[in-house]
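Undergrad: Keeping their order, the protein sequence lines are chains A and B.
Quick note: the first sequence, position 455, residue 568 per my numbering, numbers continuous.
Quick note: the second sequence, position 13, residue 228 per my numbering, numbers continuous.
It is possible that some hints are incorrect.
[What the hints assert, rightly or not] Derived lysine-lysine pairs resembling DSSO-like cross-links, with alpha carbons at most 27 Å apart: (1) B/LYS221 with A/LYS563; (2) B/LYS221 with A/LYS291; (3) A/LYS455 with A/LYS435; (4) A/LYS544 with A/LYS651; (5) B/LYS370 with A/LYS563.
Rather than coming from a laboratory, the hints here were simulated on the basis of the structure.
Computed from a predicted structure; not experimentally measured.
For reference, the chains in residue letters:
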Amino acid sequence: MNCAECRDNLVACIEGLLDREESLQCEAHLKACASCRAEYAAIAHLQQRLIAHGHAAADVSIVEPVMRRVLQQQTKPERNTIMSVLLKHRWGFGLGTAAGAAAIMLIVLLALPKTQATAAEIMSKGAQAVANLTSIHLHGQLRTLPADNFSYINADCPFYTIELWKQFGPELKWRVEKPGRVAVMDGQSTVLYIKTANTGTKVPHPSSSAFDTDWLQRIANVSNTISSELNNAQAKGWKMDTTEETAANGRVKSIVTIHARSGIPENDYVKNVFFENADTRRVYRFDAQSRLLEAVQVYLVRPSGEVLIFDLSQIDYNQPIKPSIWQLELSEDVNWKQEPQKLPDNEKYTSMTAEQAARTFFEACARKDWNEAGKFMSPVSQGLKNYLGGLEIVSLGESFTSKAYGGQFVPYEIKLHQEFTVRVSNLNAAKRCVVTGIYDSKLQLQQDLKWTNEPAILPNNDAYVRLLPAEAVQAYFDAQSKLDWVEMRKFTSESDVKETKGQVEMAGKQGLDVHKLMPVFEVGEATWSAEQSAWFVKCRASQTKKWNLALRKDNPAGRWQFDGGI
Amino acid sequence: MDLTDKEYVERCRDGHPEDYRMLVHRYQGPLFSYLTGRLRDRSEAEEAAQESFVRAFLSLNTLQKPESFYSWLLGIAGRVAKEQFRFLKRRQQDREVAETMMANAAADHEEYPLDEAIAVLPETYRQVILLRFYEELSCQEVAQRLEMPLGTVTKTLSRAYALLRQELQARESADQTISQTEHP
């Protein structure tokens, strides 16, 4: 063995990977060559350092605690601005767990066509091609809210991935997953786990669909889906187009486009007219040779143009599904949502109307009687206690039902109060009081405002220097309430202004009246903290919320249970 | 198949925060080891490591070069370690603990050449080093994990060692120059 060969083999030699003969040759060379020996010693020394370094860290395991914190942060884009902290839960249903309120907004994606003969033929052969599936895996994306279960669609929301695995036989099993939450039916029971809140809901029996996965489950029965789409389109006289495309690999694809027209306004989902009746264009892509459906896109057709709202980009048929897909790795400290048990005075609650239940629940929240509130939802999370505690009921309306939802909705208007503290500092070149952080009522830091640059010295800086800490905070809120971003920037960091502005725009896009949403701020006393070299100003925000409380009573105790809509 | 740091960072930014798990898994060992070196206390190091990962996640959008994720994370961890010291110093009730820690802990200006040298390795080499030493896999297991021949693993290790030694030497000679300037 010469020097070059020896050096090529040094690592393998140190690792004990050489065969006996090579090893002897290497050792012989090392004995004879001082330079290779020195190289060997240097590598061995470095390796020892690395082993010691690595070994010290070998049993560390911080993935789960880090991910919990990361995903918690993720569920509260609120952390970024005071406004979102205050408007928590504002943007949707699905606070958590239950099978849901959002089921209504549900899409029954595939319901319809009319035809040229070729389109009908492609659809019909496509249905036959997948008539006897053993398993399916769907992968796509949906415009929705992260904090909702699996069925809410809103054309103004960003896309989130959604996946479904389904085994049809010998035993039905399924799993539906989007970022932050997953539902699994393993043949024995059905579990929804919300990673972001570390909460779980378990239904102790198998089910063909649950937790707002119904529409996706129906799509997964591809053969029925295609047939039913074809039947509907023919019955309703919807236009169907067909085209052909050649993919990069030379395979021919048949594209069927269905133009579903209803003339019903698009977006009042609680009244049941969002998707299945909305004007949509659905594009089905089949492989011309195998006849298999490969992708589906659904566009919402608005007067202002089309928006892609659901994009099913990958469908795997009859592929073996790994057993781990049916298992959920849950940490031990999961908060399990409990099925309501019968109470000694259960009848008092079962005899309530939905409105009475809503009133009793809100009144319990108003006096922070969490035992009583807990009879309508269990457990009442700390976040919800903070949010609803001390509320005032303005009005409750008549309950109504909605086709796809098994519970009832009670329209309500409540006034919410939230206490928090703002940290202010004037230790900057401009000597103005500026906001540097937001704390909750228990002085837990909610938002640490990062100032990339020092506050600038303004042309009329003195006027701002003269403001006392509480006055500066009041001015900050006033600017925010007026959506005066320039003025707001004088009191807070650029990123805070940017995030707030973004949320206001997002709320506007969702058709919400931002001025009405804006809380009324009250500023209290300021206290100096020597430790933090900053002022802490107590504040209270009040806001009115008008929405529909979703309640259902299909549980063993027969009591109305909170299901969303806060 | 594992993705690169850059790909994971981009996926996190694109609304897949769950993928951050892969980066935490990949770097928890080396980061913890680095922080243990600085703080000389395992539980403090663990806390600081968690905090560093969370802060890094929250600032992910500001990371200019996603391929340098680990090197950037190490910078964040350095600042977290400093803050942790200051915090302990301030807390009266922890005076004793703080004093012990301050006595044990490495001086602020001390260098951590091996950690920093690992951080600047090209990702292919760093990946093999992390699997071999921080996940304590054998070369055969590394080969299986990365779906590469065993010979490629030993060659990659060999090249990684050479790069690490070069980097360590460069750092050491830079240190010497500084100390000669300071103490002529």
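Undergrad: Now look at each hint and say whether the structure bears it out.
TA: Hint by hint, here is what the structure shows:
no.	hint	in the structure
1	B/LYS221 with A/LYS563	holds (25 Å)
2	B/LYS221 with A/LYS291	holds (22 Å)
3	A/LYS455 with A/LYS435	violated (40 Å)
4	A/LYS544 with A/LYS651	holds (21 Å)
5	B/LYS370 with A/LYS563	violated (45 Å)
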